[in-house]
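*Asks:* For reference, the chains in residue letters:
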Amino acid sequence: MSKRTAFWIFVIGTTSSLALFLFLTWDTHRQVNALTHADKLDEQVVAGKHVWEKKNCNNCHTILGFGVYYAPDLTNVYQRIGADGIIAAVQHPEDLYADSFRKMPNLGVTDQEAADLVAFLEWTSNI
Amino acid sequence: MAVSEAVITNAGDSNDRELVPYRSQAVAYWYFIIALALFVLQIAVGLWLAISYAFTIPQGIVDVLPFGMTRAMHTNLLVLWLLLGFMGGAYYLVPEESEREIYSVKLAYLQLLILVGTGVAALVGFAFGWTQGRPILEIPTLLDFFIVAGALIFLFNIGMTVLKGRKTAITGMLLGGLVFLALLYLFGMPFYRNLTIDWFYWWWVVHLWVEGAWELVTAAILAFVLYKVTGVRRQVVEKYLYLETALFLFTGIAGTGHHYYWLGAPRAWLWVGGIFSAMEVLPIIAMVVDTFLTHRREGTKIKNKVVWTFAVGTAIGHLIGAGAWGFVHTLPQINYYTHGSQVTASHGHVAFFGAYVLLNLTMFWYAVPRLRGSRLYSGTGAYWGFWIMGLSVIGLGVCFGIAGVLQTYIERVMGLGFMTAQAQMQFWFKVALFFGASLLIGSLVTFWSMFLGKGPKTKTAG
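One line per chain: the protein sequences are D and E, in this order. For reference, each letter of the first sequence is one residue, going 1 to 127 in our numbering. For reference, each letter of the second sequence is one residue, going 1001 to 1462 in our numbering.
The set of hints was computed from the structure by calculation and includes no laboratory data. Virtual Cβ for every residue (Gly too), placed ideally from N, Cα, C. Fair warning: there could be bad hints in the mix.
Under the rule of at most 25 Å between Cα atoms (straight-line distance), these lysine-lysine pairs were calculated in the PhoX-like manner [what the hints assert, rightly or not]:
id, chain 1, residue 1, chain 2, residue 2
1, E, K1228, E, K1303
2, E, K1167, E, K1106
3, D, K54, D, K40
4, D, K3, E, K1228
5, E, K1228, E, K1164
6, E, K1301, E, K1228
7, D, K3, E, K1167
8, D, K3, E, K1164
9, E, K1228, E, K1305
10, D, K3, E, K1305
11, E, K1167, E, K1228
12, E, K1106, E, K1164
Pulled from the structure, derived: some chain E residues nowhere near chain D, Cβ distances all over 10 Å [unchecked claim]:
id, residue
13, R1134
14, L1155
15, R1166
16, V1210
17, Y1242
18, L1263
19, G1453
Some but not every residue of chain D turned toward chain E, in silico, with C-beta under 8 Å [what the hints assert, rightly or not]:
id, residue
20, A6
21, I9
22, W26
23, L35
24, T36
25, K40
26, L41
27, E53
28, C60
29, G67
30, T124
31, S125
For reference, chain D alone in the conformation it holds in the complex (with noise of 0.2 Å):
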């Protein structure tokens, strides 16, 4: 095989799993609001996700199957321990998790970041 047959292998084989690639992007964008529900995805939610992101949550816990092994997946824990579970969990962790061999940080989390979080983690337990 000659350095020239090598190179189109490379242009063809590359375009046809790109082509492959951003066509399922394409039907991705297309059912994605119906998958994820995106009816439900209010204000409060993308704030909910905004404290998410701001306390670093991901980087213990995982989500939807992604982020850090070092905590529980949150993706259905609206459902486990409900609106005031959550709410205690990120508000007073020392006293929650007192006797647990893993604590969890206090990160000063406000009245409205907690209830923003509860709706954000009701959203994501219905995915």
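Given the coordinates of chain D, work out where chain E should sit on it, guided by the hints.
*Replies:* Just chain E now, with coordinates in the frame of chain D:
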């Protein structure tokens, strides 16, 4: 100790321009030394993470030094130093390939200053809670613009050097990979309202980097080093460069789908991700076979045994860490149980080390002794570093692997709670801490012997 010495001159070569043909290649030295120092720091931070898993940390310490913050430092240091290593590698090899000096040495230093400055600002920022909060892409948007500025200067500088000089398949592939790498970073910058879309494009950066753009850069750097140390003909090296990258991109681009199984994305990804990522091991096998066969077929003599050891280590590490370790949990039927567990951590450590850490060290060990003016240097430190680090990372992979299987079984199969699983796994993090400590020692040995050790020997090679 003749066996461990590496001869780095071609027979009969005797002046320094034969070692480092272009003056501007010296820029690479600063990229390499900073990169390797950051590697040592990355491992030190990693030890703290292992301690956090293995023992109970008091609430008072957790509040000021949360796991998440230090974990962000660990991963960002990894990305920063590997990228600085790639950039140094590019600045070293492009002049030799293009047969001209780097377009602007001043820009190369300015770019280094911007990127390292931004990196330091980001790390200090994490400590004070300034973060974008998305794993690996935590760097705040403001600092992202500095990264983009640094990357643009780099691409301009390398691009101008390549375009004005001799054009080879190696520089073409390298430049292509670097442009691809920079473009993908842009997809990680915006705020996405929908978490599913957020993760979707997060993988455009993370997956398409490590299983796309970085593979191109790696293949180009490895082709350059193999061409130099094995004496195999350029035509042969470049032909395999095209074939391997063809396979890497064909399987790797659509293989991104293996991250979209449980994300809230359409089901078609299960098929495409499963099939294409199952094939992702093929280019790596090709790379290993090619590394050995080309050398044997051409019947050439290895000129630099240290670099050859690291190059073979890269090929095999790539195969074990990225290929085998990736393959075992890439099929949807298995990944349904294993995703989001320590199985991924095991794969991540072995794959990053096997593929990208060793690749960078291959290039460093080729270039740094030359940049320090060594005609003949003792490879003892290099070999010690190679084996201590290699065995430590295998140890880490085994510890995280066992922890991951325990976690998968207890949580996903038996349906018990997260903390129940963690209690069973804790022992393996204590063992991981031991391997982390030995990895730190290995990295210090490497740093010392590469940059500080005895210094260049002046004796000429026979």
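*Asks:* Decide, hint by hint, whether the structure agrees.
*Replies:* Outcome of the hint check:
no.: 1; hint: K1228(E) / K1303(E); result: holds (8 Å)
no.: 2; hint: K1167(E) / K1106(E); result: holds (23 Å)
no.: 3; hint: K54(D) / K40(D); result: holds (22 Å)
no.: 4; hint: K3(D) / K1228(E); result: holds (19 Å)
no.: 5; hint: K1228(E) / K1164(E); result: holds (23 Å)
no.: 6; hint: K1301(E) / K1228(E); result: holds (11 Å)
no.: 7; hint: K3(D) / K1167(E); result: holds (15 Å)
no.: 8; hint: K3(D) / K1164(E); result: holds (23 Å)
no.: 9; hint: K1228(E) / K1305(E); result: holds (12 Å)
no.: 10; hint: K3(D) / K1305(E); result: violated (28 Å)
no.: 11; hint: K1167(E) / K1228(E); result: holds (17 Å)
no.: 12; hint: K1106(E) / K1164(E); result: holds (18 Å)
no.: 13; hint: R1134; result: violated (6 Å)
no.: 14; hint: L1155; result: holds (20 Å)
no.: 15; hint: R1166; result: holds (16 Å)
no.: 16; hint: V1210; result: holds (15 Å)
no.: 17; hint: Y1242; result: violated (4 Å)
no.: 18; hint: L1263; result: violated (6 Å)
no.: 19; hint: G1453; result: holds (37 Å)
no.: 20; hint: A6; result: holds (4 Å)
no.: 21; hint: I9; result: holds (5 Å)
no.: 22; hint: W26; result: violated (11 Å)
no.: 23; hint: L35; result: holds (5 Å)
no.: 24; hint: T36; result: holds (5 Å)
no.: 25; hint: K40; result: violated (11 Å)
no.: 26; hint: L41; result: holds (6 Å)
no.: 27; hint: E53; result: holds (3 Å)
no.: 28; hint: C60; result: holds (5 Å)
no.: 29; hint: G67; result: holds (6 Å)
no.: 30; hint: T124; result: holds (6 Å)
no.: 31; hint: S125; result: violated (12 Å)
Comparing the model with each earlier hint shows violations of hints 10, 13, 17, 18, 22, 25 and 31; every other hint is respected.
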